[in-house]
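**Q** Read off the chains here:
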Amino acid sequence: MSAHSPIQILLVEDNPGDVRLTREVLKEGRISNTLNVVEDGVEALAFLRREGAYADAKQQDLVLLDLNVPKKDGREVLAEMKADPALRRIPVIVLTSSSAELDIHGAYDLHANCYITKPVDLDQFTKVVRSIEEFWLSIVKLPGGVA
Amino acid sequence: MDPTRKLLVVEDNPSDLRQIIEMLHDSGSNMTVESVETQAAAIDRLAVADVDVMLLDLGLPDSQGLETFVRLRDAAPGVAVIVFTGSSDVEVAVRAVREGAQDFLVKDRVNGELLTQAIAYAIERKHAEQALRESEARFRTLAESSPLAIFVNREDKVVLANPAAAKLFGASSPDQLIGRSALDLFDPASRSLVRERIRVDSEEVPLVEVRIVRLDGTPVDVEATASPFLDQGVKAIQILLRDITERKAADEALRESETRFRTLAESSPLAIFVNRDDKVFLANPACVQLFGASSPDQLIGRSALDLFDPASRSLVRERIRVDSEEVPLVEVRIVRLDGTPVDVEATASPFLDQGVKAIQILLRDITERKAADEALRESTEDLLRSNTELEKFAYVASHDLQEPLRMVTNYTQLLQRRYQGKLGSDADEFIAYAVDGAARMRTLINELLAYSRVGTQGAPFVLTALDGLLDDVLQGLEVTLSEAGAVVTRDPLPEVWCDPTQIARVFQNLIANATKFHGTDPPKIHVGARLEGEEWVFSVKDNGIGIDPAYFDRIFVIFQRLHSRAEYEGTGMGLAICQRVVERHGGRVWVESKLGAGSTFHFTLPAELEE
Numbered sequence: 001m002s003a004h005s006p007i008q009i010l011l012v013e014d015n016p017g018d019v020r021l022t023r024e025v026l027k028e029g030r031i032s033n034t035l036n037v038v039e040d041g042v043e044a045l046a047f048l049r050r051e052g053a054y055a056d057a058k059q060q061d062l063v064l065l066d067l068n069v070p071k072k073d074g075r076e077v078l079a080e081m082k083a084d085p086a087l088r089r090i091p092v093i094v095l096t097s098s099s100a101e102l103d104i105h106g107a108y109d110l111h112a113n114c115y116i117t118k119p120v121d122l123d124q125f126t127k128v129v130r131s132i133e134e135f136w137l138s139i140v141k142l143p144g145g146v147a
Numbered sequence: 001m002d003p004t005r006k007l008l009v010v011e012d013n014p015s016d017l018r019q020i021i022e023m024l025h026d027s028g029s030n031m032t033v034e035s036v037e038t039q040a041a042a043i044d045r046l047a048v049a050d051v052d053v054m055l056l057d058l059g060l061p062d063s064q065g066l067e068t069f070v071r072l073r074d075a076a077p078g079v080a081v082i083v084f085t086g087s088s089d090v091e092v093a094v095r096a097v098r099e100g101a102q103d104f105l106v107k108d109r110v111n112g113e114l115l116t117q118a119i120a121y122a123i124e125r126k127h128a129e130q131a132l133r134e135s136e137a138r139f140r141t142l143a144e145s146s147p148l149a150i151f152v153n154r155e156d157k158v159v160l161a162n163p164a165a166a167k168l169f170g171a172s173s174p175d176q177l178i179g180r181s182a183l184d185l186f187d188p189a190s191r192s193l194v195r196e197r198i199r200v201d202s203e204e205v206p207l208v209e210v211r212i213v214r215l216d217g218t219p220v221d222v223e224a225t226a227s228p229f230l231d232q233g234v235k236a237i238q239i240l241l242r243d244i245t246e247r248k249a250a251d252e253a254l255r256e257s258e259t260r261f262r263t264l265a266e267s268s269p270l271a272i273f274v275n276r277d278d279k280v281f282l283a284n285p286a287c288v289q290l291f292g293a294s295s296p297d298q299l300i301g302r303s304a305l306d307l308f309d310p311a312s313r314s315l316v317r318e319r320i321r322v323d324s325e326e327v328p329l330v331e332v333r334i335v336r337l338d339g340t341p342v343d344v345e346a347t348a349s350p351f352l353d354q355g356v357k358a359i360q361i362l363l364r365d366i367t368e369r370k371a372a373d374e375a376l377r378e379s380t381e382d383l384l385r386s387n388t389e390l391e392k393f394a395y396v397a398s399h400d401l402q403e404p405l406r407m408v409t410n411y412t413q414l415l416q417r418r419y420q421g422k423l424g425s426d427a428d429e430f431i432a433y434a435v436d437g438a439a440r441m442r443t444l445i446n447e448l449l450a451y452s453r454v455g456t457q458g459a460p461f462v463l464t465a466l467d468g469l470l471d472d473v474l475q476g477l478e479v480t481l482s483e484a485g486a487v488v489t490r491d492p493l494p495e496v497w498c499d500p501t502q503i504a505r506v507f508q509n510l511i512a513n514a515t516k517f518h519g520t521d522p523p524k525i526h527v528g529a530r531l532e533g534e535e536w537v538f539s540v541k542d543n544g545i546g547i548d549p550a551y552f553d554r555i556f557v558i559f560q561r562l563h564s565r566a567e568y569e570g571t572g573m574g575l576a577i578c579q580r581v582v583e584r585h586g587g588r589v590w591v592e593s594k595l596g597a598g599s600t601f602h603f604t605l606p607a608e609l610e611e
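Quick mapping for you: the protein sequence lines, in order, are chains A and B.
Position one of the first sequence corresponds to residue 1 (our numbering), numbered consecutively onward.
Position one of the second sequence corresponds to residue 1 (our numbering), numbered consecutively onward.
Since the hints were derived computationally from the structure, they do not count as laboratory data.
One should not assume that every hint holds.
Said to hold, decoys possible - Below, simulated DSS-like cross-link-like pairs (lysine-lysine); rule was C-alpha separation at most 30 Å, straight line:
no., chain 1, residue 1, chain 2, residue 2
1, A, Lys27, B, Lys422
2, A, Lys141, A, Lys27
3, B, Lys392, A, Lys71
4, B, Lys392, A, Lys72
5, A, Lys127, B, Lys422
Given these sequences and hints, build the entire structure.
**A** Now the structure itself:
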């Protein structure tokens with residue numbers, strides 16, 4: 001992974017409001033990134049595996065995954081990613097509106113790398129995105145370059 | 001004559017003495033004879049009480065006439081006396097007999113046979129007199145000490161009365177009764193009965209109950225009996241009276257109590273029957289009705305066991321036994337005469353019925369109660385189900401509302417962040433309202449979520465030191481408290497079993513309210529705790545604006561607010577949540593307050609609640 005090429009982030013989210021908000025907040029940040037968006041679980045896996053229309057897609061460095069997406073929900077996407085040797089190393093941040101214990105435990109059982117409840121407040125949301133940038137995109141050594 | 005009898009001859013004339021001894025000898029008497037010549041010697045000799053009879057010459061050297069007899073009679077009251085006198089003194093001798101001498105003999109007209117006969121008769125007479133006197137004394141003692149009132153009536157006048165009679169009539173002594181008309185002693189209402197039954201010419205009078213009148217006029221119920229007798233040739237009647245006031249009261253009490261019990265049994269809604277020798281012996285109307293009989297006769301004589309449903313019989317046989325103690329309540333099933341079963345609650349008490357072991361069985365029809373229990377159980381289940389559904393609904397609703405809310409909040413805030421001051425003052429104001437509205441809705445939804453989660457998402461109870469918990473709550477409220485200038489004081493708090501997150505929320509809500517609803521003075525808040533019986537009573541007291549008692553119930557209802565948003569912020573959910581939390585812990589919450597005089601919120605938690 002080159003320090004100059006932008007970080008590839010896949011956002012799996014069917015709510016355009018959330019997509020735009022994430023995009024806006026990321027835009028205000030310091031890290032150069034490319035935000036790729038898919039609206040359902042089937043598309044997400046296809047994108048990650050560069051299947052069909054996504055044959056030219058780049059390898060993703062980070063996945064922001066909403067649990068409640070159509071066709072295949074986030075849990076299934078997570079399960080398939082973690083069962084797939086080619087995808088399991090990609091860090092998955094579950095970013096969802098649920099704060100139910102069942103969802104949180106379920107996600108970690110499926111080896112989610114972290115679980116974040118979408119804050120209602122913009123300042124809070126901004127802080128979350130900054131923290132993701134700070135931690136996952138600058139501190140953490142991602143596996144992408146090695147693969 | 002009995003040789004052991006001893007005769008003392010008191011005679012100073014030697015020839016008279018010789019004559020007596022010869023007469024006795026001639027008549028074949030072998031009794032012991034002694035003689036003395038003076039009264040003084042006689043008294044000395046009589047001091048040894050072995051003399052049976054005395055032959056007494058009234059003219060002695062140291063005493064003359066009747067006086068001689070009187071002195072010696074008194075010196076030896078048990079000795080028979082025959083006065084031995086000359087023919088000129090017969091009159092004195094007769095007086096001596098009147099004074100107690102048994103006989104007299106005239107010296108010149110006596111012979112041996114007459115003398116021995118006189119001696120024998122005198123001894124016998126003396127014995128008879130003595131026996132009579134003793135018997136009289138015994139009877140007198142008996143009458144004097146008798147608890148029965150006794151009086152003797154002669155010619156309709158009281159001639160004798162014992163102390164018990166005096167006491168019965170309230171007289172200070174029997175003398176107060178003597179001379180009164182006996183009939184007057186009885187109550188006017190009893191007089192005809194007395195006149196008819198207690199008569200000198202009647203036979204022994206059987207017991208009659210009459211009423212007497214005491215001297216002070218108060219009536220007393222007595223039981224009377226009487227025996228007519230001849231008193232010195234005059235027909236008299238001895239009347240015995242016994243005060244039966246107490247017995248009558250006891251009889252009355254017993255009768256009343258019997259009547260009460262009978263009435264109780266007759267009017268009891270409980271079916272009662274008595275079982276003896278496994279046969280129904282008695283049944284009250286409620287029992288007749290319970291079994292669908294038309295009269296007790298339809299039940300009496302039946303086997304009691306047959307009255308129960310076959311499925312209940314082993315229980316009945318085991319529990320309802322004549323040799324058991326009091327039987328605790330058992331639920332069994334009886335069978336009515338028409339065959340329909342009825343659920344009853346039965347209890348029984350064994351007792352002795354005229355010496356026979358019997359058992360009294362009480363049955364209560366519990367058909368309605370069982371139906372009511374069932375209905376209650378069903379409606380409780382319904383309520384529980386609808387409560388659960390409501391909670392689920394509230395949870396889902398508030399959860400699903402989060403999504404659109406997030407959009408509204410985030411984008412209005414994004415608008416504010418990027419375009420504040422760029423679109424004109426109207427736009428700034430509109431955006432500010434939108435941001436504020438979204439923030440309020442967020443609070444509301446969070447509270448609704450919290451409210452719905454009290455029941456469904458409560459944590460298990462753990463033993464919690466409330467002092468530390470309150471420390472945390474106060475720390476969380478630090479900014480709020482210091483902005484309001486609030487002073488919080490507190491009692492030492494105990495450890496209780498609770499869901500600490502929920503109880504912290506209760507303290508937080510109550511303290512936040514106490515801070516929020518303050519008047520012109522800065523808030524002064526006291527957190528109290530005291531043990532009352534089996535529970536802790538906690539209180540949060542403030543000096544704030546107070547609450548009109550008319551609203552006491554309303555403030556605990558979800559979404560109910562007493563103030564406009566401009567006056568005091570709030571969702572109207574805080575106290576509703578407090579109430580749900582406290583109720584989940586088995587406690588109660590209430591408020592004491594007056595408008596303008598501060599409020600005290602109380603809630604209880606069980607002192608010993610294991611999880």
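**Q** Evaluate each hint against the coordinates.
**A** Each hint, compared with the structure:
no.	hint	result
1	Lys27/A x Lys422/B	holds (21 Å)
2	Lys141/A x Lys27/A	holds (22 Å)
3	Lys392/B x Lys71/A	holds (26 Å)
4	Lys392/B x Lys72/A	holds (26 Å)
5	Lys127/A x Lys422/B	holds (25 Å)
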